[in-house]
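S.K.: Single-letter residue listing:
2 protein chains.
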Amino acid sequence: MTQLADTPQPPYYAVIFTSLRKVGDNGYAEMAARMLELAAQQAGFLGVESAREDVGITVSYWADLESIKHWKANAEHQQARRLGHEQWYSAFKVRIARVEHDYGIAE
Amino acid sequence: MTQLADTPQPPYYAVIFTSLRKVGDNGYAEMAARMLELAAQQAGFLGVESAREDVGITVSYWADLESIKHWKANAEHQQARRLGHEQWYSAFKVRIARVEHDYGIAE
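Residue numbers (the numbering used here), protein chains in the order written: chain Z, 1 to 107; chain U, 1001 to 1107.
One should not assume that every hint holds.
Said to hold, decoys possible - Below 30 Å or equal to it, Euclidean Cα-Cα: the simulated BS3-like pairs (lysine-lysine) are:
| hint | chain 1 | residue 1 | chain 2 | residue 2 |
| --- | --- | --- | --- | --- |
| 1 | Z | Lys72 | U | Lys1093 |
| 2 | U | Lys1093 | U | Lys1022 |
| 3 | Z | Lys69 | U | Lys1093 |
| 4 | U | Lys1022 | U | Lys1072 |
Simulated from the structure, these hints should not be mistaken for laboratory data.
Could you build the full structure based on these sequences and the hints that come with them?
M.R.: So, in structure tokens, the structure goes:
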């Protein structure tokens, strides 16, 4: 992840996923990369930004709530979430938010 | 930053600030810590999560748009933003979003 997401004019949606990891990889890195790849193929996907220090933050951007719902229902994504709950995360939070306004400077 | 933000039931607001840094600290770490401290003192502040790898992501949570507007108008914060544009960031984006739904597991 080396760029900021190039999102369109609002409104659009953000899924803010924050987490604390358990110790050990246990297949996490591979699955995380696969989920980014798979998410990017979904209808309505607009971009993603991700970083981890003590807390991990992944913000994915979507055209509408319907796209988020479809992604949540994806079978491979569901399996990854199950593993996440069982093996990788000691705590996590998912926040679904409607982006109403944005501004910034591009490189 | 070692915990997930303990936010109330939605709706509330998120300010998603993502950035790419220029090389060199130039006072950045000190100012970033000061801004987190100052933000936490503002009316309507609900919490913050922050991580940086290639991309830096700071998500702050607020009770309403009015609180975000007041924080944006804070003189010390304005000065920090000016320095950010001039010295620290090669690119950044600020997204103001209304959190409509959330779920997760706590530690």
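S.K.: Does each hint fit the structure? Answer for all of them.
M.R.: Here is how each hint holds up against the structure:
1. Z/Lys72 / U/Lys1093: 26 Å, holds
2. U/Lys1093 / U/Lys1022: 15 Å, holds
3. Z/Lys69 / U/Lys1093: 26 Å, holds
4. U/Lys1022 / U/Lys1072: 23 Å, holds
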